[in-house]
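Each protein sequence line maps, in turn, to chains A and B.
For the first sequence, our numbering gives the first residue as 40, with consecutive numbering after it.
For the second sequence, our numbering gives the first residue as 8, with consecutive numbering after it.
There's no promise every hint is true.
What the hints assert, rightly or not - Only some residues are given here: those of chain B computed to face chain A with a beta carbon under 8 Å:
no., residue
1, Ser107
2, Thr130
3, Val131
4, Thr138
5, Ala152
Keep in mind the hints are simulated off the structure, nothing from the lab.
Every residue, glycine too, gets a C-beta built ideally from N, C-alpha and C.
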Amino acid sequence: MQGHLLFEIKGENMLKKNDLILMIVIVALGVGAILAIHFTKESGSKVRVTLKQEELKTFKLEENTIYTVEGENGAWNTFEIKDGYVDMIDASCPDKLCVAQKSIHYNHETIVCLPNQVVLEIVGGEENAVDSVVN
Amino acid sequence: MKSKKTAMYGLLVALAFILSYIESLIPFPFIPGIKLGLANLVVIVALYGMGWKEAFVLSLIRIILVGFTFGNLSTMLYSLAGGLLSWLMMVLAKKSKWFSMVGVSIIGGISHNIGQIIVAILTVSNVYLVTYLPVLLITGAITGALIGFLGALIVKRIKRLF
Numbered sequence: 040m041q042g043h044l045l046f047e048i049k050g051e052n053m054l055k056k057n058d059l060i061l062m063i064v065i066v067a068l069g070v071g072a073i074l075a076i077h078f079t080k081e082s083g084s085k086v087r088v089t090l091k092q093e094e095l096k097t098f099k100l101e102e103n104t105i106y107t108v109e110g111e112n113g114a115w116n117t118f119e120i121k122d123g124y125v126d127m128i129d130a131s132c133p134d135k136l137c138v139a140q141k142s143i144h145y146n147h148e149t150i151v152c153l154p155n156q157v158v159l160e161i162v163g164g165e166e167n168a169v170d171s172v173v174n
Numbered sequence: 008m009k010s011k012k013t014a015m016y017g018l019l020v021a022l023a024f025i026l027s028y029i030e031s032l033i034p035f036p037f038i039p040g041i042k043l044g045l046a047n048l049v050v051i052v053a054l055y056g057m058g059w060k061e062a063f064v065l066s067l068i069r070i071i072l073v074g075f076t077f078g079n080l081s082t083m084l085y086s087l088a089g090g091l092l093s094w095l096m097m098v099l100a101k102k103s104k105w106f107s108m109v110g111v112s113i114i115g116g117i118s119h120n121i122g123q124i125i126v127a128i129l130t131v132s133n134v135y136l137v138t139y140l141p142v143l144l145i146t147g148a149i150t151g152a153l154i155g156f157l158g159a160l161i162v163k164r165i166k167r168l169f
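All chains should be built: construct the whole structure from the sequences, respecting the hints.
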């Protein structure tokens, strides 16, 4: 065979019905999940600071605080607790995506700094309060 | 024949660099370390234009070279997880013949994000990072669809050159 085609499109259409169904299903799942999270969220009472998978410290959300987490090799993350909300205000990581993340307040919301492996997670929501009353 | 293949690899890798550079200029502020997945364009072009093995090789080359240029070893881990899962799902989707290039690209896009989220969750041992997934599914599907359209246009054009 003389000129073997390096590129071939064997009857590929640009769009099939399944593509549309796929898109709709995914968007529906995504929107559904967002709504489910939105309507079931409850306030938390504490923020748990984790460094490299180990729980470092837990702070009460009622007390305004500014704290810096110090990691290995000069890594650091500074966050602030103010009026019940936790926000990352500065960090040593190169992309500072953690700083750009919105402030958190609801149970199980997180701010994550992947390069420094720091996680701020809101804990101690209503559910846990009920457990501790029972205990 | 080999030289044409090599030239095509080179062209696609170069395109991957340009796309990755553009991606690095548009960060995803609220989601930790996750990108738009524009570079998936070269993988899907390779998948439909060359083959699934070539697409795998291209994925690896792209991840490693771009990783060293724009990132570091840890960002490369996320890229690898997303890229490999994305490649695998795209190959399976293409083989199933249920979808066109657009559908395959959508699957590639969301798999990329899912792969990265999984690695993130394992790295920091916190399953609640999964709350970022819904937004990523939606954006991954939309960019995947756009990439799919673009990819189909590119493969059609390039076909004329050979």
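These are the hints, each one checked on the structure:
The interface hint given for B/Ser107 holds, since its Cβ lies 5 Å from the closest Cβ of chain A, which is under the 8 Å cut-off. For the restraint placing B/Thr130 at the interface with chain A, the shortest Cβ-Cβ distance is roughly 6 Å, inside the 8 Å limit, so the hint holds. For the restraint placing B/Val131 at the interface with chain A, the shortest Cβ-Cβ distance is roughly 5 Å, inside the 8 Å limit, so the hint holds. Taking 8 Å as the C-beta contact cut-off toward chain A, the hint placing B/Thr138 at the interface holds, the least distance being around 6 Å.
Among the interface hints, the one on B/Ala152 holds; its C-beta lies about 6 Å from the nearest C-beta in chain A, closer than the 8 Å criterion.
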